[in-house]
Structures are given as structure tokens and as C-alpha cells.
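> Now for the letters of each chain:
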Amino acid sequence: MSDKYVDIFDLVKAYPNPFGEAIRVVDGFNLRIPKGEFMSVIGHSGCGKSTVLNMVAGLIPSSEGSIIVAGREIPGSGPDRAVVFQSPCLLPWLTAFDNVMLGVNKCYAHVSEQERKQIVEYSLSAVELQDSMYKFPKEMSGGMQQRVGIARAIALKPNMLLLDEPFGRLDSLTRMDLQDVIVNILAKEKITTMMITHDIDEAVYMSDKICMMTNGPQAKVGEILEIDYERPRHRQQMMLEDKYFGYRERLLSFLENCEKEKEARVKA
Amino acid sequence: MELKYKILKGLDVSGFAVFDPVVRLAYGEEPQKQIRAIGKFIIVPVIFILVCFALTDWIAPKHKTKSGQVPDTATIRKSAKINHLIAKREGIKTVDFLREGADREKTLLEVQALIAEKVAIVDELKAELKIQEEAYKSQLDAKLKPIQSKYDALKAKYKEASNARKAQSKALATQVYNKQVEPSELVALLKESDAQTEAERAELDILKNQLDEKRSEKYEPLELARSNVDSEADALMFLKTREQLLTSRNRSVKVAEAVEKKQGIADSFETATSESKVLNAAKGLVRQELSIERLESQKYAPAATIYLYIQRSVFTVIVGFLLAVIIGIPLGILCGLNKVFMACMTPIIAIFKPVSPVVWLLIFQIIVGAFFPNPDTHPLFVAASNIPWVQTLGVNPAMVFSACTVAMCALWPSLVNTALGVCSLDPDHVNVARVLRLNFWERLTKIIIPSALPLIFAGLRISMGVGWMVLIAAEALSSSDGLGKFVWDEYQNGSSLTFANIMFACFVIGIIGFILDRVMIVLQRIVSFDDSGASV
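Same order as they appear, the protein sequences are chains S and D. Read in order, the letters of the first sequence correspond to residues 0 to 267 in numbering that gives the first Met the number 0. Read in order, the letters of the second sequence correspond to residues 0 to 535 in numbering that gives the first Met the number 0.
If you're looking for bench data, these hints aren't it; they were derived computationally from the structure. C-beta atoms are modelled at their ideal positions from N, C-alpha and C, and glycine is treated no differently. Hints are not guaranteed to be accurate.
Away from chain S, derived, C-beta distances all over 10 Å, residues of chain D [said to hold, decoys possible]:
#1 Leu-84
#2 Ile-114
#3 Ile-130
#4 Thr-173
#5 Ala-201
#6 Pro-449
Derived contacts from chain D toward chain S, CB cut-off under 8 Å, selection only [to be verified]:
#7 Asp-427
#8 His-428
#9 Asn-430
#10 Arg-433
#11 Val-434
#12 Arg-436
#13 Leu-437
#14 Phe-439
#15 Leu-443
#16 Lys-445
From the structure, some residues in chain D lie toward chain S, with a derived Cβ separation under 8 Å [what the hints assert, rightly or not]:
#17 Val-431
#18 Leu-435
#19 Ile-446
#20 Phe-528
Given the sequences, and given the hints that come with them, work out the whole structure.
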């Protein structure tokens, strides 16, 4: 059971094409994520990574196949699968606190006001925003806004955390800070996580496993790479070990092969 | 320092950021820079306005119209002063009507003293006027005499010439009759004679025009004397009305009279000689008691003044605007939420939006008018006459029609903008709502409406502007006491100050419209979250 905590089976996303057969963007995608594990999904842009994540989140319906989370077929979108989007998606008329509170009010309807407040404060301090709780989004930097987005997701105590290129719009220094923020939270909370990324170093640093997707259309899982480092991890020390470059090498060659295959297909 | 930034922020939010450098200068922040900013953005515009005024004063008197000359700024100021004076006098009269006891007697003495003073002044001014009239006449005669004599001489001369021509043509006609001369000669002579007469008449007309021109020339001292007499006579009239309001028309005096009369009737019971007389006396007593009751609650009904007009107009526009908001925003939200509803509404909006307010007014007069065939007893007006401030405005059907017209025309911007705001919901926010699995009501109140608020308020601001413009036209047409009716009445009246009053009303309407717009801007900036004004 625990190694099939998240079970994505034969997932297909097909868009109707009025001039021919339906375009199968994702075709036969199979992935299992054990409970508490961090799975990155890497692939070329446009290969359908985000489509898979959105289907798992329930934001877009799948065409075929099943997605099971915590032993149940997903019923559409819901707070049990919290999403951190690429843009922070904060409501600009609410403070950081109220943005997080919006979800907490919804998921902890039975809990007292005081406790809800504590949950919000706890998650905002987990992302190191304890001093900026009552700021409006426009008063915060992009990195801070994304922290609020993360706090909002973890405050829901989800079964699964879905990260859709969460650092895509941040500069590299902020990005490293936020990677550590998430790694630290997950070390405590042990939430099963699926992250979309196209940054190889980020994937290696954060993941337990990396799922490499082939190029679309008809994208599916190409290879799964297990990252064998003890946690807590340290960026510098990881790089000192030879296997780090082995992982990088495999990821890079996979991505290159995908590209070559695509070119070949285009030529054919 | 704290206060400084509060003031600056307040200025920013209320749209008076122009005065920013004044505040900064007062706090001694970079004086040179502030002074430069003040020069550029306050002093230069003020000078520009003054230049505009000066241009008006220069051009306006040059343009003569049927309603007198176009008023210059001084005349408009005079109009403002007179309107204020009228309002002030109505206020005094209202108080006088209610005065009683020692207060009334004291005021009466004061007023009588003032009347005596005024009568003397008016007499003096009338004497002065007479002198000026004489002076005017003599100077006019002096000016007219040379032209008149020239005219008379010329006229006599031409008359003679004309008679000579007539005799000549008659003689020629006889010759033609006797076949001594060809008829064509007579025709030629008549033609020539007509041309001559025409030329002479033209010459006379030139002189006549000169005379008329001289007559219509204004004689400054006379004009001044006349207007002095007019304004003082007006003041005297006002004092006399006050005297009446303190004596025969005063409430307490009238009540006292009625009470005395009642006493007389009560006494007549004793001396009644028959049953029917007793009955009549009793009936009279009942009537008298009723009339005392009515007198006691009576109030002076002041004539409509510019301030009442302003209050009524502002009240009407706010009522109309609120009606528009109450209808427009929910409809707009429905339009934004539901594409089918939007498709249903689109033709209605497209067709009714461009309809002129005048048409709406007439339609409302017919449709809404049918709801109160008897306005005096209709619950709406009875209720309005019991609300503290509103009762002084005198809510009537005309006001309701005007408010409905305002609502009808102000509805569309609110509706359309609300629909747009709801439609253009950020897909990111939709995703958030879906992940949190918010139900419809939570989505509406927590996501949709807050995110649409800036656009909604932008629409409300447009609505308010449209409403105010429409109201003035509606009041003019529906005769609802207000600024629109004020303008219309002035146009119809044709008194000497008419034109100036219209221009004055133009400024009043503009300034009130400006204030309403500012209020809406402040509201808009308070709710708009992409702006710095959000937290004030």
C-alpha cells in the first residue's frame, strides 16, 4: 500500500482535433509514488509535465486512466492535493495572513477561531514570513509572495503537495532559499510531493526520485532515476561526490536523446 | 513626521496630489524643488485661469444677444451674491414668522427702525434718480438736436422734391393722354422718380438709425442710480414683509387672534337666544379649535432658493444613483457569471443604453406617475415628509421621475463594468478557488466580487457623472425644483440677470459635479487593491 500511495495508471490526455484523430498529449503515463516521497518530473518544455500535474490536481479532467491518491480515485480538485503554482496566485486584496486563512477556514471549519489562527501563523513562520504576515501581496517581493503560496498549500495539511515549477519565475538566489524552505518543511511534515521542473540541479537536490518524461505528443514516463543521498542534504557536499555527476549525466543524456528522437521524428 | 505622510497620502487618495509640494514645502523638504513644482503645477494653471477670466471679460460685452449682452465675470459674481441674498432673506423670514412674545416685539421695533432708515435712503436715491434722468434727457437732447434738425430739414426738402415729381408726372400723363408724348417717356419718368424716392429714403434712414443709436446709448450715472434705487427698494420691500411677518402674518399673533375669537364664541353661549344659535356657536367652536391647532403647527413656506435647489438636486441624484447601483450591480454580476444571461441582456443593453434621458423621463412620467394618482396621500410621499432632512426638500412626483430617469441612464455603466469585472476574473484565482473547493457563495463573496471591485467602482464613478448630467436635463423638463429647473426658469423669465444666473448655475453645477466625482474617486481608490490607496 505505502509504495502505491499515489498511483497514476495509464493516464491519457487527448484533445479533440476537428481535422483528424484526437491529439494525445499524454499517453499511457504510469507512475507510483510511495508515501512521503519526493518525486520530480522533468522533461522538455511543452512535453506535458504540467498537464500531468494539473490532472493529478484535478484542475483538468483526464481522458483515460486513473489517478489514485491515498487509496481513493480522485474526485476532481480538492484541498487534499494542495498546489503551488508557478505564479504565486495570491488574492491581491487580502493580506498574506488572510490569503492563507482563506484555505484554512475552508479545511478546518470545525476548529476554533483561535486554533485556525495558530495554524496560519505556524505555516507562515514555516516559510519564514512571521514578520510580514499582514502585508499585502503588492508590498512583497516575488520570492515572498511565493512563500505565501507555499504556506497556503502546507496549511491545508494535504495528502499530497503538487509543485508546478514553483521557482520558475524567481532569480537563482531566491530560488535556492525557497528550495531549502520546502526541503525543511517536508523533512518535518513528510508530505508526498510531486514537483514539475526543468532544472536538473534543483531536481537532484530536492528529490528522492526523478521521473523523466519523453517528448510529446504521446509523452510518457521514460526513465525513473533514484537519487541516493541521505537527508538532510547539503548542496556543496552533494557536489563533491562522484554520483552527483553521474545523475546529472544520465538526466542530460536522456533529455538530449529525447531531443534527437524528436528531430528524427520531425525529419521522418 | 507621521502627520506629514498622512496628509500626503490623503491628498494622493483624494486626487489632490497637485498640492503635494505645498505640504512638503511647509515641512521644509527640499524647498527649491517644491517651489519649482508649485510654480509649474499650481501657479501657472492659476494664471491660465485668470487669463481665461480676463478674456471672458474682454470678449463677453462685445457680443450682443436677444437676452442682453453675454455676462462678464463681475455680473456672474453679482448673480451669485443676489442668489445668496435671496436665500438669506428667506431664512430670516422663516425665523420671523415663528418669533413670539418679547422677542417678536423687540425684533419688530428693530425692523421698524430699519424701515424708517431705508425709506429715507430710498427717497434720497429716488431724488438722485430724478436728477440723473433730467441730466440724461438734457444730454440726450443735446446729442440728438443737430441730427434731428438735419433730419427734419432733409425730410422737408425731400417731401417738396417728391411733390414736384408727382406734379411733373401728372403733367406728363396729361400730355400722353392728349397724344402729345409717347407713353414710354412717362414710364421712364416714373422709374426715375421711384429711384429718386428710394435714394432719399435711404439717406433719411441713415440719420434715423443714428438717432436710435444715440437714444439706446447707455448713460452710466443713470444706470447706476437706477440700480441703486432698485436694490434699496428691494431691501425696503423685504423689511416691510418682515414687518408683516412680525405682526399680522406672525404665527403667534394669528394664534392669539384665533384664541380671542374662540373666546368670543364661547361667550356667545350665554347670550344665545335660540337652540339653533347654540348649535351654531358649538359648531363654530369646533371649527375654531381645529383652526388653532392647524395654526400652531404652521411653518413659513420659504420661496425656493438656490440652496434648496442644490440640496434637492444632490438628493435626487443620490437616490437615482443608488437605484442604479441596486439594479445594475446584481444584474452585472449575473451577466458576468452566466453567458446565457449575458446573451439575453446584450440586446437590451445595446438598445436601451443610447436612448436619450428626455425619452426616459416622459416614459417614467407616464408609467411611474400611474402609481400615485393622488400624491398627497401616497405612502411614499407621506413617509418622505416624515424623514427629518428630506421633509424640507419636499419630495414630489416630479422628483421621483427625475430620480428614475437618472437611475435609468446611470444604470448602464455600472452594469457593463460589473459584468466586465466579473468576466475578467484571473484564471489563477479560479484555480485557487477550485483547489480550495470553494462553493458558489464563497467564490462569489471571497473571489469574484473582491476581484471585480475596482472595475465596479470605476463603473460607479462613470454612473455618477452620467447621472448628474442627466439630472439637470430631467429637472428642466420635469419641473422638479432643482438646478435644472432653475436654469430653465431663468431662460424663460428674461429678467436683467437671467443670463448671468444661467452662467452662475453652470458654475454651481460644475462644481457639484466635480465634488461628486472626487468622492467617487476616493471610494474607488480605497477599494482598488492594485493601487497604493488601498490601506488608507
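> Are any of the numbered hints broken by this structure? If so, which, sorted upward?
When the structure is compared with the hints, numbers 6, 14, 15 turn out to be violated.
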